[in-house]
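Let the hints inform the model, and build the full structure from the sequences given.
Each chain, letter by letter, is given below.
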Amino acid sequence: MIRLANVHFSYADGNIGLQDVSFGIPAGELVVVAGANGSGKTTLLKHLNGLLLPQRGRVEVDGICTRDDLPGIRQRVGMVFQHADAQIVGETVAEDVAFGPENLCLPRPEIERRVTEALEAVSLVHKKHQRPHLLSGGEKRRLTIAGILAMQPAVVVFDEPFSSLDLFGVRQVLRQILALKASGRTVLVTTHDIDKIIAHTDRVVLMQEGRLVGEGPPSQWLPVVERYGVRQPEASRLGVAVRSWLN
Amino acid sequence: MIRLANVHFSYADGNIGLQDVSFGIPAGELVVVAGANGSGKTTLLKHLNGLLLPQRGRVEVDGICTRDDLPGIRQRVGMVFQHADAQIVGETVAEDVAFGPENLCLPRPEIERRVTEALEAVSLVHKKHQRPHLLSGGEKRRLTIAGILAMQPAVVVFDEPFSSLDLFGVRQVLRQILALKASGRTVLVTTHDIDKIIAHTDRVVLMQEGRLVGEGPPSQWLPVVERYGVRQPEASRLGVAVRSWLN
Amino acid sequence: MAELSVFGYRHGRSPAHRLDVRCKLIILLVLTAAVVAAPPVAMGPISLGIILLWASLRLPLRRLGREIRLFLVFLMAVFIVRALSTPGVSVVDWHGLSVSREGLYQGAVVAWRLMMVLALGLVFVTTTRPSHLKAAVQWLLRPVPFVHAPKAATMVGLIVRFIPVLHQQVRETRSALAARGGGRQRLRLGQIRYLVFPTMRRVVLAADQLALAMLARGYQETRTEPDLHATAADGLALAAAAAVLAATLMI
Amino acid sequence: MVPNDLRPMVLASLFAALTAVGALIALPVGPVPIVLQNFFVMLMALLLGPRWALAGMGAYLLAGALGLPVFAGGFSGLARFAGPTGGYLVGYLPCVVLIGWISARGRGHRLVDVLAMVCGTAALYSCGVAWLKVVTGMAWGQAVAVGVIPFLPGDIAKIIAAVLVINSLRQLTAMNGSASGPTPAAASLLAAKWRSHAGSSGKQR
Ligand SMILES: Nc1ncnc2c1ncn2[C@@H]1O[C@H](COP(=O)(O)OP(=O)(O)OP(=O)(O)O)[C@@H](O)[C@H]1O
Ligand SMILES: Nc1ncnc2c1ncn2[C@@H]1O[C@H](COP(=O)(O)OP(=O)(O)OP(=O)(O)O)[C@@H](O)[C@H]1O
Ligand SMILES: O=C(O)CCCC[C@@H]1SC[C@@H]2NC(=O)N[C@@H]21
Ligand SMILES: [Mg+2]
Ligand SMILES: [Mg+2]
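Residue numbers (my numbering), protein chains in the order written: chain A, 164 to 410; chain B, 164 to 410; chain C, -1 to 249; chain D, -8 to 196.
Derived list of chain D stretches under chain C, where covered just means 3 residues or more per stretch with a C-beta under 8 Å from a C-beta of chain C:
no.	region
1	0 to 11
2	16 to 28
3	157 to 165
None of these hints come from the bench; they were simulated from the model.
C-beta atoms are modelled at their ideal positions from N, C-alpha and C, and glycine is treated no differently.
Given below as structure tokens:
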């Protein structure tokens, strides 16, 4: 359960990040956050795990306010950033995955267990001892996902997880996302190419200039997304066309 | 006119970049280079303006071999890289655009003229004196395009020009690409989302593991692109389905 | 200042903007010398001049204050050290630490001088287009032996270009660390490497990419020269600055 | 005419910029602050060798002299050279030459790198303290007390950190970035090509 109430945020240089954003997401949903460049998607995601704290309003995850318990929030909400390179910190694949659990101060055997489990989930066990910067783009992306899985969060947030991946890479990441959803986690995804994930989406959150301009099931919002700088999936466009012929 | 004959290239660490690639592109065509991650698209593009030189075989642009006249090739073939940030040289927008013409040792008034012209083409004149790192993602991309336009190349090569752009950004870049084509230039574009540009494409070049595996009109190759890690546009998929029902 | 956002060129049309960069550079040197050499009595008029110059630029003062806060802390430290360490008539005496009147006076003068030197430097960088800054470097270094002036100019330009990008990348890596429970409270000393290694790797790769992009745009060492032309107004400004220096030295 | 040294030039500028960023992180503990600055200076010398490190430091000092806020705590300007830390600033030049020269003999051997950095830092301290003494009029003992002693723990830590990072950085630059550019072999070939044509087509314009 995620709840935002009247969240305002502006950056130090005056840029508006979020303006009066309020909405709620029930646990277990797969949510797509869409909007033009600079509409505040990344800013929104960063509020969910307390990387940014609202200047007004509140953000709650499972009833915990991000202002009250940062370590708790960070453990509960995992974030996969857009640039894999910026978030791979370990010198080997296994070491990188261990970074999160280490920060949770877990005992060593438990860390080992989680690392193996996470690497198995993204099929990277065989690269365990490799240096991360030698991985391919798709493998790096999966590594960053493993780093989050190892923290066993209840909510996982992805910022542009499909960018510069080929079809196979997109499918693999999508499989991870669906597996997370299947295991009952809440997943939020931002993307400019919503057609890659829309078929599995429970809810769309539309942003424009830091405001929430739409929220609800995809079928409701897809016909108008182009107004907000989001490409309408061909299938949806076709559907709309067909419906208008029929009427 | 671009001609590659039996081009081989491998990187110092043994990675194979290109293997025996041969093809020709008539002047004025819009070509999409597609293929999975690591299939050699970027390596191919870097051969066209002599950033990489073939270890075997030859690359010719307008009859000039990249091995013989690098400055000439660099002037004739402009390259827009994937990461805008990594290719912005100047400390203001106008200075960045001037970088190329300055290297051509053009007289100052001519440089000024070209800079203004290029910035007008990408609608960035009003940001002339701004610092590039303060621009938005889409503006940065357009800036890098302006930097190439100012060199007035005959061939322009784009590496993933649509990545992380919203619908408006994609449209603007696409407009630039089409304008280049309309002015008679040859344009090559790599992308994982070929549906964004396929409607305007004259020719598809398909790569796999450093080899050329297909080359020809889109209609010929679209039905099979998924085999090579490229997402088939919905419209094409629908077309194929409809045709198979009709038969 | 961490962002170098106030520092750095701001487009404008003030007199300082219009000066030829070579003259401006010389004037900067001359006035800096005047500030450093001026006896305290002469500081008043000079400061007034500098403040007026500042007013003509219309910089956002509040943001500036925020960005140079580290510098201000520094000035405070300089002031306090001077106040405590200069022997003289004690004003405050506290547990063996004594603040002398001479110390207060000297501390204030030194801190003020530093402030004015910074202010002059800021006028120069905010009114000088980076390309002109590079041109000035080139002009300045041309007579220096063993130094390739255009290359040096390019390097200074690249430094200016890299700094904000570096800040950005450090910030990104830090927030990625924080997202996995590292960062601020928990970034133990041993974990500094988690910040340093990936950041270094990224920036080095980015530099490589930049070199490649420069090559792709036909980078050459012989390039169109920056064009500079001095006018009568420049000569006048130069003479005025020289007069100020002469006057301060005379007093 | 021959831009085969474009890459080291860009890298030297990058490290000069890193030095500037490291200088902002300054802890005032007297007239000379504790900074991160010299960590990047040492890395630059280890990675680029004496010649390019010298160029990088030269560009850095020049940028500072021109008023860009690149010195400790965001200071800048010529006056900084006359201030208490002026000796350290100038001392960076012999420092990087020494580090670059000594470490080049070691071909990546860790002990040689450490030795190089110790020598370079000694040279830096010598210049720094000597000038500090001149400027402040302190006695030698006092100058060492504020110009060397407070930095020893930090600088030892920086040397250790540098030796830990440097080999992976060397690898990275030798490979010329797994994801970007021409290989060293290709790069030199490229340079050779430029050289042979710079005279003809490159220069005419
Ligand atoms: N670190 C920052 N400092 C200042 N302003 C920022 C910063 N990050 C983002 N902004 C501004 O905040 C607004 C929202 O940015 P945000 O990154 O959240 O957009 P976004 O929807 O993620 O865009 P994109 O699709 O390009 O990723 C924009 O106007 C942006 O310029
Ligand atoms: N600088 C380099 N050093 C070593 N190997 C490299 C380098 N750059 C690319 N390669 C390798 O060369 C092959 C082709 O890479 P290339 O970047 O051309 O692929 P691509 O088709 O552009 O992939 P992507 O879709 O991910 O951009 C890959 O196996 C890659 O790992
Ligand atoms: O003004 C400057 O920018 C120079 C500061 C020099 C600080 C010196 S460098 C060696 C020693 N180690 C530190 O941490 N600080 C001093
Ligand atoms: Mg974003
Ligand atoms: Mg590529």
